[in-house]
Amino acid sequence: MMNLLWLIPTFPLAGFLILCATEGKLPKVVTACIGAGSVGLSAIAATLVGWEFVTSDSTSYSQVLWTWMVVGDFNVSISLYLDYLALVMVGVITGVGFLIHLYATGYMWDEEGYSRFFAYMNLFVFAMLLLVLGDSLLLLFLGWEGVGLCSYLLIGFFHTDPANGYAARKAFVVTRVGDTALILGLFLLFREVGTLDIQQSLDGARDIWPDGSVMNTAIALLLLGGAIGKSAQVPLQTWLPDAMAGPTPVSALIHAATMVTAGVYLIARMQDLYLLSETATLCVAVVGLVTLFIASFTALVQSDIKRVLAFSTMSQIGYMFFALGVGAWSAAIFHLMTHAFFKALLFLASGSVILALHHEQDMHKMGGLWRKLPIPFWSMLIGSAALAALPFTSGFVSKDAILLTAAHSETLGMTFWSIAVAAAFMTSLYTVRMMYLTFFGETKTEPHDKSKANMWLPLLVLSVLSIGGGWLGFTVLGTLFGDKGVPFELHLKELVAIATMCVPLLGVLVGYLLFATNVFDRRKISDSAPGKAVGRFWFVGWGFDKIYDSLIVNPFRWLARVNKSDAVDYLYRFTTLVARIFHNLLTVSQNGRLRWYALTMFSGLLFVLIVVALI
Amino acid sequence: MNVALLIGLLLTAGLVAWSSERFHKSLPNWVALVSFLIATIWIVFVWLNGPSEGGTYADQSYEWIPRFGISLTLRVDGLSLMLIGLTTLLGAVAVVSSWTETQTRQGFFQFNILWVMAGVVGVFSAFDLFLFFFFWEVMLIPMYFLIAIWGHEDKAYASMKFFLFTQISGLLMLVAIVALVWVHYDIHGIITFDYDTLLETELDSSVARLLMLGFFIAFITKLPSVPVHTWLPDAHTQAPTAGSVILAGILLKTGAYGLIRFVITLFPEASQEFWVYGMGLGVISILYGGYMAYSQSDFKRLVAYSSIAHMGFVLVGVYSFNELGIQGAIVTMIAHGFSTAALFMMAGALQERLHTREMSKMGGLWVRAPRMGAVTMFFVIASVGMPGLGNFIGEFLVLLGAFQKNVLLTVLAALGIVVAAVYGLSLMQRSFQGTPNPDVPEMKDFAFREMSVMVVLMVGLVWVGIYPQHVLGMTDAILPLLGVVP
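Those protein sequence lines, which keep their order, are chains A and P. In this text, residue positions in the first sequence follow numbering that gives the first Met the number 0: the first is 0, and each later residue adds one. In this text, residue positions in the second sequence follow numbering that gives the first Met the number 0: the first is 0, and each later residue adds one.
Do not take every clue at face value.
Said to hold, decoys possible - With a cut-off of at most 25 Å between alpha-carbon atoms, the simulated BS3-like pairs for lysine-lysine come out as follows:
no.	chain 1	residue 1	chain 2	residue 2
1	A	Lys563	A	Lys364
2	P	Lys360	A	Lys563
3	A	Lys371	A	Lys451
4	A	Lys364	A	Lys449
5	A	Lys563	A	Lys27
6	A	Lys24	P	Lys443
As the list claims (entries may be wrong) - A few chain P residues that don't get close to chain A, going by computed Cβ distances all over 10 Å:
no.	residue
7	Ala3
8	Leu4
9	Val45
10	Tyr61
11	Asp203
12	Glu322
13	Arg370
14	Ile392
15	Phe395
16	Gln432
17	Ile465
18	Pro479
In case anyone wonders, no lab produced these hints; they're calculated from the structure. Please read these numbers as outputs of a predicted model, since none were measured by experiment. C-beta atoms are modelled at their ideal positions from N, C-alpha and C, and glycine is treated no differently.
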């Protein structure tokens, strides 16, 4: 059964090819069946393969499909590699992916380009599967760029609006900056270790640098650069909020559940490289910490519901990076999984709200919807509880695992822990704000709920997973990294453990008092001059966009404008100009007048005679 | 395989096409198309049959001017065969792409196309330096006519510029060839232009450096590399579609081919010493070409500048002086041939429909012609270097090879990947995406004729992208000659 591994990515690829070849001429129902069905088949294949894998004794399985390229010592094959880490990722991609596809069959029903949408989505799933199943870093890179391409295509899906096109290009170019770092990391790795095969290169790294080295750190940092771009971490995070221009299922699948977590996967996959370098690990932790901190404040002041979720995603991935950095490897992947459940749920539920309000995304124009849209409301409530890490949800289990490991890590443990916990407080705060503005208070826009079974069923399943997904962690994920990661059972400092558990609850309480009651007058704070300034600063995501625009984008545009006609060409144009001037001068001398010719002949003769005489 | 026969076929077909115009207006098109297809199929068969024991697919030699040691030596090894195959295939593409564009003197038009291609096949198979130079000139003149007669509004200026650049740099090469032969005569007392014999010439390092420069300048002008690139945007923009397809798809590759076949083999030491300039010019071309591409508002000019950037990768690869870099350069040549030919064909199709190349007059065309939009998207992302498509393999191998040679230059070249994304996506945005331009209420989408060509090119790129072994395997044989592998 395990040799069916290749089928998992093949189904979505086939779906993509069929939808491309038929050019959108198929009936919508058929398109929906192909689009969602291909991912469903892939999920079934994944289940079969996964079951076989879990019940067998092996810890990895690889399948060589064909030789990609051989140049001298450089040898890469197209081959798939399955271990527990890949299995978790495949499960998330095909499982959550299928649910989102199913939801999208309803969500996109009235939109132009139904077939094109599913073609892109299927291609995305294919690329994402290659990313996590790739045996070599080059195949991983293929998937990596492929998902980036699909992200670009889907953000700009409604391509007649130039703003969407801008957001799409921004996403592609900014992540490409990270990708360039990643590919340089591959070059360096190949030069030092001589292979791009993941397992071989990790073995090689352990052999060559048993105690770590500058080279090892450099490679790890370059790979981190790629991960930062893809996972929207500081300083390459600016593309993610704009990426919300894409249809909501896209945000759920690509910009919450799967692609943006690719960076986490990459670092987890290359674990040994990071274990060998304390500097690199510290960098991972700091990047995550800074991002989770900044993003959680930014989320607090957004008015677009999808942007709140975007910043929240950024912040949650920050937690995953943080976890990787402090050595909580299993917890990071665990949080990746639970986050995929509850964030996909939040996005899809918000999508239902948005659809019911005729594509209204501004939370200030929502309100009072909880009775009118019960299914989205309850789904979103569950998702929010998990996001805020309230007890008995999956988010609680995974986030606590991260925070407690952080508290126990040797260096800077408590400092890191306190920043992360402060951000957890903020998470609760912005979640309550989002829920309150959307579902409570007075109704500002009348909703028209159009959702059918294909849309509420995924919400139901994801709700169950958002609560119960935590149990999966104890059964499957404990063995993920063998004995290399930090085990789950911790000897807790009790105070820390209680604090970690209570801070989110405190956040909810404060949020309730702040937004739903008049106990505190929040207007007083937000309308004061410093309050306004800080609010604006947070609203624009701490001004990163502005810095990049004035330092890079605008100078480049200016340079492009001034040199449109190519300065180098002036050199040649000057040459022709000189030639032409002489040409004109000589033409003037041929005027057909005999006197003139006689005169020039005479003066020429005179000139020659003088020269001769002088010599 | 009989290369002389192949060249003869193309030359004769040119004459036939020219005279067939009097019978029917579209007969020349058919003559040209059929002869390119025959040639392509022929080459596929030769390829499938495999090389002879010496590793060559053809080896012919006839006396021409024995007094000066000039002979008609035609030889085809793996590299040559692949490039000749690309030539005949893109010949067919060029003919199809100009099927309805040319309305005047079709016979003479197809004659020129066929003769350019005959010249190119000669360039790729000549193993006698005089013969090589002869073919080098043969491909120049018909190309000049193609631009000067069927070009667009500024054709006189563009064709003259193209001619002068090529001619002057060609002159340098001729001087270098004659000097090389002279030096050889000085030592051995034999006048010969034979490639294999001249390969053995022992040169003073200063002489070698000078002669190498003569060849080098000729080839990087053709490639082209910054700073001798400025003929290309004009020539491309003004040329008819078939002309641009041939120019970008094939003629630029003769420059790259020359670097590999002549510069680094005839003058190995001098070239090795020169690597930093070669690679540096490549990096400058990548960055400057990409940056200039972004600056353009003319669809065709943008693609033209992107060619300069891509050819920069070839230069970087060749001057890495290792197997990875040179193989990467060769794959880039093939993949760029496919992707850029398609983009120029798209530019031609747009001009035929909209009578403009200015992107400010386009916008939102995807809505009008979704097939053209999707096809353009495919080739844009190919040229942006998406893994799974041919261009990526080439550029990746080039950079991987260059990294072994010099880290700093490789990092700069890798920045070209980001720049490529910037100009590539901006091309897409300004032409096919965005608000549909109300001045273009409708536009005819691609039909069977155009789609069939595009599909062939797409399949080609995917093929090179996921199984480049066919391309890489073809050129294994040449590597020992280059001194990069023992």
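Structure-based check of each hint:
1. A:Lys563 to A:Lys364: Measuring from Cα to Cα gives roughly 46 Å; hence the hint is violated.
2. P:Lys360 to A:Lys563: With a Cα-Cα distance of about 18 Å, the restraint between P:Lys360 and A:Lys563 holds, given a limit of 25 Å.
3. A:Lys371 to A:Lys451: holds, 15 Å
4. A:Lys364 to A:Lys449: holds, 19 Å
5. A:Lys563 to A:Lys27: violated, 46 Å
6. A:Lys24 to P:Lys443: holds, 18 Å
7. Ala3: With a cut-off of 10 Å, P:Ala3 remains clear of chain A, as the shortest Cβ separation is near 33 Å.
8. Leu4: The claim stands: P:Leu4 keeps its Cβ more than 10 Å from every Cβ of chain A (closest is about 34 Å).
9. Val45: Non-interface label stands for P:Val45: nearest chain A Cβ at 24 Å, farther than 10 Å.
10. Tyr61: Label holds. Min Cβ-Cβ 37 Å, cutoff 10 Å.
11. Asp203: holds, 32 Å
12. Glu322: violated, 4 Å
13. Arg370: violated, 7 Å
14. Ile392: violated, 7 Å
15. Phe395: Check fails; 8 Å does not lie beyond 10 Å.
16. Gln432: P:Gln432 is in fact no farther than 10 Å from some Cβ atom of chain A, at 4 Å.
17. Ile465: violated, 7 Å
18. Pro479: About 12 Å separates P:Pro479 from the closest Cβ of chain A, which puts it past 10 Å; holds.
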